Amino acid sequence: MMTRSTNAPTRTVTKAVRPGLALIAMAFLFGCTGANVVVEIVVPSPLVDRLPVRVGVFFDESLKGYVHEETLEDHGNFRIELGSVQVPVFERVFDALFEETVALSTMEAGDGVEAVIVPVFEELQFAIPAQTRSQFFEVWIKYRIDVYDPGGELLAQWPLPAYGKSNERNFGFMEDSKGSGLTEASVRALRDAAAHLSFYFPRVPEIADLVEEA
Amino acid sequence: MRDYYPRAGPSRAAYDRAPLLEALLIGAIGLSAMVLSGCVTATVQQVREAHTGIGEDDRVVVLGRRNKSRNETETDFIHCVSEQITKKSDGVKVMTENEFVDSVFPWFEPRTAPLDVDDLTNVISRPLVAERIDEIGVRYLVWIEGDTVRSSEAGRLTCNIISGAIPACIGFLSWDSDSNYEASIWDVKSGIHAGRVSAEASGTSFVPAVVVPIPIIAQVRQSACTGLSDQLREFLASES
Chain H
58 MMTRSTNAPT RTVTKAVRPG LALIAMAFLF GCTGANVVVE IVVPSPLVDR LPVRVGVFFD
118 ESLKGYVHEE TLEDHGNFRI ELGSVQVPVF ERVFDALFEE TVALSTMEAG DGVEAVIVPV
178 FEELQFAIPA QTRSQFFEVW IKYRIDVYDP GGELLAQWPL PAYGKSNERN FGFMEDSKGS
238 GLTEASVRAL RDAAAHLSFY FPRVPEIADL VEEA
Chain R
114 MRDYYPRAGP SRAAYDRAPL LEALLIGAIG LSAMVLSGCV TATVQQVREA HTGIGEDDRV
174 VVLGRRNKSR NETETDFIHC VSEQITKKSD GVKVMTENEF VDSVFPWFEP RTAPLDVDDL
234 TNVISRPLVA ERIDEIGVRY LVWIEGDTVR SSEAGRLTCN IISGAIPACI GFLSWDSDSN
294 YEASIWDVKS GIHAGRVSAE ASGTSFVPAV VVPIPIIAQV RQSACTGLSD QLREFLASES
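Each protein sequence line maps, in turn, to chains H and R.
When you read off a place in the first sequence, starting at 1, and then add 57, the result is the number in my numbering.
When you read off a place in the second sequence, starting at 1, and then add 113, the result is the number in my numbering.
Derived from the structure by calculation, the hints contain no laboratory data.
All values reported here derive from a predicted model rather than from experimental measurement.
Don't take each hint at face value.
What the hints assert, rightly or not - Calculated from the model, a selection of chain H residues having no Cβ within reach of chain R, i.e. all distances over 12 Å: (1) VAL99; (2) VAL100; (3) PHE116; (4) LYS121; (5) TYR123; (6) GLU130; (7) PRO145; (8) THR158; (9) ASP168; (10) GLU180; (11) GLN188; (12) LYS199; (13) GLU241; (14) ASP249; (15) ALA252; (16) ASP266.
Claimed, not checked - Some but not every residue of chain R turned toward chain H, in silico, with C-beta under 10 Å: (17) GLU187; (18) GLU210; (19) VAL214; (20) PRO219; (21) GLU222; (22) THR225; (23) THR261.
Virtual Cβ for every residue (Gly too), placed ideally from N, Cα, C.
Next up, chain H with everything else stripped away, as it sits in the complex (with noise of 0.2 Å):
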């Protein structure tokens, strides 16, 4: 008897303490232990009038494995995977950019191309809205894009800053709002560079001399 009215209440109490562990168990995965991020996107075809120049693309391993890793203090260790998908990206905005691009595998390879065109990847930041006081997970990546002749000299370089947002106010209470905030960040990141890029690459006064040259 003594042993039923112990055990008794251990059992109602964890029965009713269950949801509360639960919640507290969340608090713990989502609140502190930051996220890990592997980024997936398809950038549609942008709609650009397409420029007669035939370039060679040439990318360097700092897009192709890049993984950002930062430890914020409260918030946990933050991981952001962007390295297979930025090469896709790129290549479908030059491919709707010009007329022929020529996938390089070395720099030195750039022959029959007017141009070769090496988009590098310099910096990635983001900010959760803990720290901003704002509503939202931000991400902003910096590439550099690099066009050389096809001798191998150096014709101008171009920055490329992107920006990408989410509002944390899109995720439910029960959603990891920091992995799906700054995967939504980092994906709009990455359009804003494809769409930077389509706008504005074909106004470089190098790139619009060799249009001209065409």
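Chain H is already provided as a structure; the job is to place chain R on it using the hints.
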């Protein structure tokens, strides 16, 4: 603050009936949450600047402004308006925001989307864009701005497990919610601003608790969505 341990030694009978009472309590909370909703005051207004009307093949896109640094419209609200127009539609076909921005990429991205009808005219003067918009049959763009904010939060609610292992809450919580949304309607075919529809809604939610908490939630955002979408549907479909 929660206290999970009974203060006095309850009888075995009390423990035996505890799960039943707990289930009843949870059921009562769930039921009250489903049934009770607080009062909401909603106002819908419209300003017409041009004739509208929609053809059999014309489609409408509801879009949120994504270039603002605050008060960005919730994605759920954009979906809600799109769905409500589609559901109650009498000939108004709606294309989703994602489908539209993908099909005209990169012209309607946060940093590149036209901010007024003059910008729109410039964008659709490009043959590639004009051809695509024609192909997907988009006639009206509805840009939504605004959001719902919560304010005047007050009160306190405490839950404990009382004698007999029965959870019980006591206290009172309340808060105000205010929705304020405005939709600008652009006629893509004519390149003009056709008008504006706005919806405001406000309400107070309460959670009184004497043993059982009874949430009385004001469905403010939902009311704004219903009011705005009903008015938009009428605005677009009417020939006046």
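Comparing the hints with the structure gives:
no.	hint	in the structure
1	VAL99	violated (9 Å)
2	VAL100	violated (7 Å)
3	PHE116	holds (21 Å)
4	LYS121	holds (24 Å)
5	TYR123	holds (22 Å)
6	GLU130	holds (25 Å)
7	PRO145	holds (14 Å)
8	THR158	holds (18 Å)
9	ASP168	holds (32 Å)
10	GLU180	holds (19 Å)
11	GLN188	holds (15 Å)
12	LYS199	holds (16 Å)
13	GLU241	violated (9 Å)
14	ASP249	violated (6 Å)
15	ALA252	violated (3 Å)
16	ASP266	holds (23 Å)
17	GLU187	holds (6 Å)
18	GLU210	violated (13 Å)
19	VAL214	holds (8 Å)
20	PRO219	holds (3 Å)
21	GLU222	holds (4 Å)
22	THR225	holds (5 Å)
23	THR261	holds (9 Å)
The structure is inconsistent with the numbered hints 1, 2, 13, 14, 15, 18, although it conforms to all the rest.
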